[in-house]
Amino acid sequence: MAAMGALLKFGALLLAAVAACVAWEDGDVWDYDGHKLKDSDFLALWPLPQKVQSSAVSFQLSASRFQFTHAEGSSAGSDCSILQNAFRRYFDYIFGFTKKDRDQRRRNAAGSEVLELQVAITSPDAECDGFPSLTSDESYELSVDQPSAVLKAPKVWGALRGLETFSQLVYEDAYGARNINKTGVSDFPRFAHRGVLLDSSRHYLPLKVILANLEAMAMNKYNVFHWHISDDQSFPYVSRMFPDLSQKGSYHPYTHVYTPADVKMVIEFARMRGIRVIAEFDTPGHTQSWGFGQKDLLTPCYTGSSPSGTYGPVNPILNTTYDFMAGFFKEISTVFPDAYVHLGGDEVDFSCWKSNPDIQKFMDQQGFGKDYSKLESFYIQRLLDIVSSTDKGYMVWQEVFDNGVKLKMDTLIHVWKGNEAQYQAEMARVTGAGYRTLLSTPWYLNRISYGQDWRDAYKADPCNFTGTDAQKKLVIGGEACLWGEYVDASNLTPRLWPRASAVAERLWSDQGVRDISDAYVRLVQHRCRMVERGIPAEPLFTGYCRHEYSGV
Amino acid sequence: MSSRCNLRFLIPGLALLLGGVPSVLAVWPQPQQIRNSAERYSLSARAFLFKHADVSAVRSGCDVLDQAFTRYFTLIFPESGGGGTGGAHNRYFWTEADPFTVEVNVAEGPCDGYPAEGSIENYKLTVSPGQAVLTSVTVWGALRGLESLSQLVEQDDYGAYYINKTEIEDFPRFQFRGLLLDTSRHYLPLQAILKTLDAMAYSKLNVFHWHIVDDPSFPYQSRKYPDLSKKGAYHPFTHIYTQTDVRRVIEHARLRGIRVLAEFDSPGHTQSWGNGQPSLLTPCYRGDVPSGTYGPVNPILDSTYVFMANLLKEVTSVFPDSYIHLGGDEVDFSCWKSNPDIKAFMKKMGFGSDFTKLESFYIIVNISTMLNRSSVVWQDVFDYHEINRPRYVVEVWKWGCYLCEVRRVTKAGHRVLLSAPWYINHISYGQDWRNSYTVQPQNFSGTEEQKKLVIGGEVCMWGEYVDATNLSPRLWPRACAAAERLWSDEVQTSSVDQAFPRLTDFRCRLLRRGIQAEPLYVGHCKNEYQGI
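Listed in order, the protein sequences are those of chains A and B.
Mapping of the first sequence onto this note's numbering: residues 4 to 555, in sequence order.
Mapping of the second sequence onto this note's numbering: residues 81 to 612, in sequence order.
Keep in mind that the hints were calculated from the coordinates and are not lab data.
In this text, a Cβ means the ideal position worked out from N, Cα and C, and glycines have one as well.
Check each hint, because a few of them may be wrong.
What follows is a list of derived Cβ distance ranges for each label pair [what the hints assert, rightly or not]: (1) Q363/A to D512/B: 34 to 44 Å; (2) D235/A to D192/B: 50 to 60 Å; (3) S354/A to K532/B: 53 to 63 Å; (4) E159/B to D128/A: 44 to 54 Å; (5) S508/B to K420/A: 14 to 24 Å; (6) P400/B to T262/A: 32 to 42 Å.
So that you can see chain A by itself, here it is in the shape it has in the complex (with noise of 0.2 Å):
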């Protein structure tokens, strides 16, 4: 039968979560009144706030009277469409479908409800028409209290996350009114990019599937969405250019593709709750897919002295290739607004480059000798020159690092190999070299295990490595990797859901954010609001929520 040993029981719960933060001395969750707090007071926050003050104080919310308002002198008004679609969202998500009238007949006494959220932005230019990039400013300050609660952001960026957190602290009492403490937020990120990898090629995704992740990103607070949109096995990006790559090389021309219109679509729905798109084209190697459409791109591979009609990674000794690469990320920089554009660089199989004569010759006359990674490093180095003169900064996967390619200095390093000890030397060598660098290893949210995995994945943390703090400051995120090779539609959302909340709340809370029985506590409730918001969530251990997931 079950054997799955007793329930976990938790004791009292860690109020004093924070206060174990480097950034704040004083332990800063304290009730103003020196009350004991109830968990649905603040416990749910998720990822958890750099410093929370929370009362026992509660106001009500009505769907009736309750406004999102633009502060006096906030730089962002009703022009500013990224607030405007927010305070809709947020609307849905702190009152779903409550009836107005309910909230009339249960009014409280005058002086208990919280009527407005102010929202100003402080700095002159709000940014609101604007795309978010790595460099956005994400702080915000919230003040909760009555009769209007005030949200102060230098920009929409941080506007958007303080939004979240207030629909956080929102909560149902007992006659399904809404409740909100009076609470005092004050919150920044502890790294810039914190990035969810989906992978579009082995498996398709709907665009459907795509829109409701990032939805779910901006519940966790996550800034990146790292698109590896082509790999071996299908190419589904439409290229304006190059319209027989996906064409020939997406599992279906019409029905299994991106076309410009969705990829816009992705771009400004992400936009609009300031998560950058970073799309992927990881060459010279997996790049099967794109042979079909692009002839003379891939390596014909040899057997003995004949073509066996197999191809290998993008050929390095053509110029075609690179009149190729020049116009397509030509195009690509155009199309994903993103000051950084990933350029892959991982696993290139070095056999049927050494299978062909055409390349033996080549390395011959280039002095490569029998050393293909001198080859790859050609290959790689004239890339970054053609995506260099499109003004894009790029991100590479750690080989093109370990490879020795001359990188530019803002060049992102991607590190994704090897156990806990080797991507953390891995990261003290990329930092000491004075790279920038952002962690995915431990991350790999596809490789799934029995039980409670999120475990080990709140557990990593991207500055444990030998090092300086001049090489910590090097560490600018991580990125949740969700490979697609047992992944589709069919199970992507309930596998990256909660399990990438736990990166989320690494990636954003401060350091010492590390208990992990009051991390369940919230993340089980965090779940649980996911799953209202529509978002199919999986559990983390026996349980319920209160609605539970109706999109059987």
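Based on the hints, put chain B in the right spot on chain A.
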């Protein structure tokens, strides 16, 4: 990628000329005998008909078949919306659709009964020009045949439906092919259960083992003891199964030839019962005083047996199946040991300090004799007790040498259900369906008689980490591996690699039918899952 989709590379028209030995035999689980031919007949939703054979013992008005016809029409022509107006593509290619009739001939009634132990599911299906003839002994066999028929229908590159000339003679290897859902550790909304029953029928699974209550919650709303769910469910209104819900599950299952085996596990796994039934559970002691916690059902009180008799009487009136699952696993003796009244009782009964005797007194002497049913119990009951009654079915669930246990249990003359290798709530990275597939339930040394006592097996989806958000993709298509093992001939289906393309194909079919089945590996389906 899905092999069916390779058709897109064929030159239009060539597909029809080639006729097409389908690259895979499309029926899952693999029928005992199947002969396909390249000859192919086009089907049109506008000229497709189910009818009862003149000699059939079952005629119109048989709801099991009437509803199956409706269901399978939509499954065969998914684009028709069930209204019979589909086949839009055909218009361009076939001015006049050739009519196609499926004639169903069932030898024996009735059709208002329930599928049961020993129901004959054999069927014969012959697909020839203009018609298919399906013969079976019972309506349950006809349901299996309709499922196979629906899986033979393919869609070509133009979206036109066709079926190949085929002959199938089929019957299940095991009569008991079950799937367990656990609605106590997480509540599963009715819709999730009904969907699971649909997918079970597609895989020819025929027993829904409803592990309805356990320690964490008691969602079954009892007529006689409403407090059990009122106080023992996660929520007394939203997280329960009303009598109407239960009837709906049983009827939904019946219409698909699926038995519903209810499990009311005791004396352990009953924490949630205690909330609504005071003094049912044993008070645990710390030293001389009650500690405030409770252990298993209290086996020394008459009131316990009155309650259990009433509850089980109700259960057997609600669930029509001739089997009932009494659990009996994982009884923790520490609480019994701590309780002075229990100790006194042990002494009085002469049990010494052997608490298995007390457990035995509870479940074997008292509980299972209350019922005129076949009792299914977890293997613990066999392992720790002398059970000499013939009506037990022992479910082997413990990992390790599970076939050793099967040998022991069958040697003692009991029937066996195997679930140890099919605890598919245990997940791992990669294609773990392969492990389920290679199980050999009768591969132990024993007599023919012993082998026959293995009546089947069950896929178990325990609920610690599963609720409505992830149930379907975790179950399907992983459960299909065991479904084929339990239905098909073992020799014919010994190769996992040959099963792979068929299962990949079947998984896409499940998706097409709205079952949220996860992928086996990289690739795609023509119709991807449309939810999130």
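These are the hints, each one checked on the structure:
1. Q363/A to D512/B: 34 to 44 Å: At 43 Å between Cβs, range holds.
2. D235/A to D192/B: 50 to 60 Å: Once the Cβ atoms are compared, 56 Å apart, the range 50 to 60 Å for D192/B and D235/A holds.
3. S354/A to K532/B: 53 to 63 Å: For S354/A and K532/B the Cβ distance comes to about 54 Å; the hint holds.
4. E159/B to D128/A: 44 to 54 Å: Check passed, 52 Å falls within 44 to 54 Å.
5. S508/B to K420/A: 14 to 24 Å: Holds: the Cβ-Cβ distance is about 21 Å, inside 14 to 24 Å.
6. P400/B to T262/A: 32 to 42 Å: Violated, since P400/B and T262/A (Cβ atoms, about 54 Å apart) do not stay within the stated range.
Violated hint: 6 only; the structure is consistent with all others.
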